[in-house]
Amino acid sequence: MNHLHDMVDLECYHSGEALRLAARSKNTQVAYEKGWQCFVAWSRVVGLVPHEATSEDIVRFLVAMATKGRGGKPLALNTLRLYRSALNDRWRRMGSMSPASAQIVGEVLQGIARLRGDTPRRVKALREYQVLAMLKKCENGLHGIRDAAVLSLGFAAALRRSELCNLRTEDLERKVGEGLMIHLRKSKTDQQGTGQQVAVIEGNSIKPVEQLERWLQASCIREGFVFQTLLRGGVVSGRPLDSGEVARVVKRHAKRIGLNPREYSGHSLRAGFVTSAAVHRARIDKIMEVTRHRSAETVLKYVRDEESFSDHAGATFL
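First residue of the sequence shown: 0, per numbering that gives the first Met the number 0; consecutive thereafter.
In short, the hints are calculated from the structure, not lab data.
These numbers come from a predicted model, not from an experiment.
A hint or two may mislead.
As a list, the in silico BS3-like pairs of lysine-lysine whose alpha-carbon atoms are at most 30 Å apart [unchecked claim]:
| # | residue 1 | residue 2 |
| --- | --- | --- |
| 1 | Lys123 | Lys250 |
| 2 | Lys206 | Lys300 |
| 3 | Lys206 | Lys135 |
| 4 | Lys135 | Lys285 |
| 5 | Lys206 | Lys174 |
| 6 | Lys174 | Lys285 |
| 7 | Lys285 | Lys300 |
| 8 | Lys206 | Lys250 |
| 9 | Lys136 | Lys250 |
| 10 | Lys72 | Lys206 |
| 11 | Lys135 | Lys72 |
Can you make the complete structure from the sequences, with help from the hints?
Here's what the structure looks like:
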């Protein structure tokens, strides 16, 4: 073994830059890089040296992206905020004060939000009976079997799209007579990668464990990613399912049961579990065991939404 080579590699790995990158998820790194490259491209057009930009230049950039955008399509407010974070991150990594952190930049973003009347897009939650109806519409072919497993497990374990896509066979622990224990290596609320667990019961109607086992058996997946893209002829590729495909699966099957696909996305499965559990009077702490929410306030929001007309304060006198 080349110990000197190993020591050099270890030294490089523990450099400040490597540690900073490791602290962020891959998706965040990609998004920040995209934001920076967008700013660089805009800077070239207006004759600006990117690293010499002032807070006024950042304002000009954000206004341009909010009005003309890239290719003539204005960027969403959340994207503008993400790009601002990307610029802050870039200057921070250069060891300099970021012009994007100036108060005027934040005020301009607030002004854009007010003028647009932008409100955070909130997709609809899928109730348990809707998921069951979707499962009944899934075909018997490999695509249909995979979709059924994605829908049922995503709902039953309240998984985020990234968690579904990154799930591996070694993360599944079968509990005979009880269900399945899912070991999540890393998630949105566990960026340090300490790991989280989600218990999935057998179920009597949606039957998530049965749907998953059917997929693994049909696809002959014994190791690697649980949900993989399919090649022509129904052959698994070995590559993980893209998070965008999870949304497309939900939209496709939502349309099949008569729902408006524009109102649903991959998050509808996770939100659907919370909503359904709230409707069926599940305890908040037990819901949080599955969803892994850090705050009960987030869960209570779903409960309030569903119970707005139940036990209404004016029921006895209106």
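Inset, instruction - Hints the structure violates: just list their numbers, smallest first. - result: 10 and 11
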